[in-house]
Amino acid sequence: KNQVEQSPQSLIILEGKNCTLQCNYTVSPFSNLRWYKQDTGRGPVSLTIMTFSENTKSNGRYTATLDADTKQSSLHITASQLSDSASYICVVSANSGTYKYIFGTGTRLKVLA
Amino acid sequence: EAQVTQNPRYLITVTGKKLTVTCSQNMNHEYMSWYRQDPGLGLRQIYYSMNVEVTDKGDVPEGYKVSRKEKRNFPLILESPSPNQTSLYFCASSPWGETQYFGPGTRLLVL
Numbered sequence: 594k595n596q597v598e599q600s601p602q603s604l605i606i607l608e609g610k611n612c613t614l615q616c617n618y619t620v621s622p623f624s625n626l627r628w629y630k631q632d633t634g635r636g637p638v639s640l641t642i643m644t645f646s647e648n649t650k651s652n653g654r655y656t657a658t659l660d661a662d663t664k665q666s667s668l669h670i671t672a673s674q675l676s677d678s679a680s681y682i683c684v685v686s687a688n689s690g691t692y693k694y695i696f697g698t699g700t701r702l703k704v705l706a
Numbered sequence: 107e108a109q110v111t112q113n114p115r116y117l118i119t120v121t122g123k124k125l126t127v128t129c130s131q132n133m134n135h136e137y138m139s140w141y142r143q144d145p146g147l148g149l150r151q152i153y154y155s156m157n158v159e160v161t162d163k164g165d166v167p168e169g170y171k172v173s174r175k176e177k178r179n180f181p182l183i184l185e186s187p188s189p190n191q192t193s194l195y196f197c198a199s200s201p202w203g204e205t206q207y208f209g210p211g212t213r214l215l216v217l
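So the sequences go chain by chain: V and Z.
Numbering of the first sequence is given in our numbering, commencing with residue 594 and proceeding in unit increments.
Numbering of the second sequence is given in our numbering, commencing with residue 107 and proceeding in unit increments.
Just so you know, the hints here were simulated from the structure itself, not pulled from any lab data.
Each hint should be verified, as a subset may be incorrect.
[Claimed, not checked] Covered by chain V, according to a simulated footprint, are these stretches of chain Z (three or more residues, beta-carbon under 8 Å):
id, stretch
1, 179-188
2, 192-205
[Said to hold, decoys possible] Chain Z side only, calculated, beta carbon under 10 Å to chain V, not exhaustive:
id, residue
3, A108
4, V110
5, Y141
6, Q143
7, G146
8, L147
9, G148
10, Y170
11, F208
12, R213
Remember, predicted model here, so these are calculated numbers, not experimental data.
Where is the CB? At the ideal position from N, CA and C, for every residue including glycine.
With these hints in hand, go ahead and build the complete structure from the sequences.
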């Protein structure tokens with residue numbers, strides 16, 4: 594069964610600190626993996642996209658990694674800011690003729706001043 | 107401006123009263139999809155469309171209908187809403203297999 598699991602469910606950190614969010618998946622056939630940021634009550638916005646051959650991709654203070662062998666991805670946030678408070682969702686695409694998006698339940702991050 | 111729009115943004119209705127939530131995109135995307143988001147469950151796909159006149163069920167299609175008569179529009183229809191359909195709904199669009207662009211969401215309350 595195609596599945597995406599994220600950890601932790603929620604996380605509280607102080608402004609300026611770093612944090613790492615985890616995503617484990619069992620999706621086949623794997624096409625790509627995306628991290629989205631979702632502010633409360635708003636639609637998700639894409640942060641990064643990674644294909645099978647990519648190990649690392651950065652978008653400003655956000656760095657995503659992908660280990661296709663272990664089927665794990667992480668999102669590292671550097672020097673967190675209050676505006677980073679949001680839910681972060683890992684989405685894996687499967688391509689078996691038609692594209693299927695499998696969503697994780699997200700990690701809710703709260704950055705405190 | 108490239109965007110996905112949804113209307114209405116907020117809706118309160120009563121059980122059994124048919125309603126339609128509209129979704130429109132101006133990016134000429136082939137793929138469109140509807141999701142519902144409930145606390146602790148994340149985003150769950152209701153229906154999706156690969157192109158005009160091509161629609162398919164997602165993970166939670168019961169109680170919903172869709173149509174794709176034009177490329178830009180993908181309305182979500184609740185023929186007989188029930189309280190368990192109270193949720194936050196998102197429409198999204200993308201080129202095939204590419205990053206999805208999400209609408210602002212429609213918050214629905216069914217009494």
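Legend entry - Hints breached by this structure: 1, 3, 10
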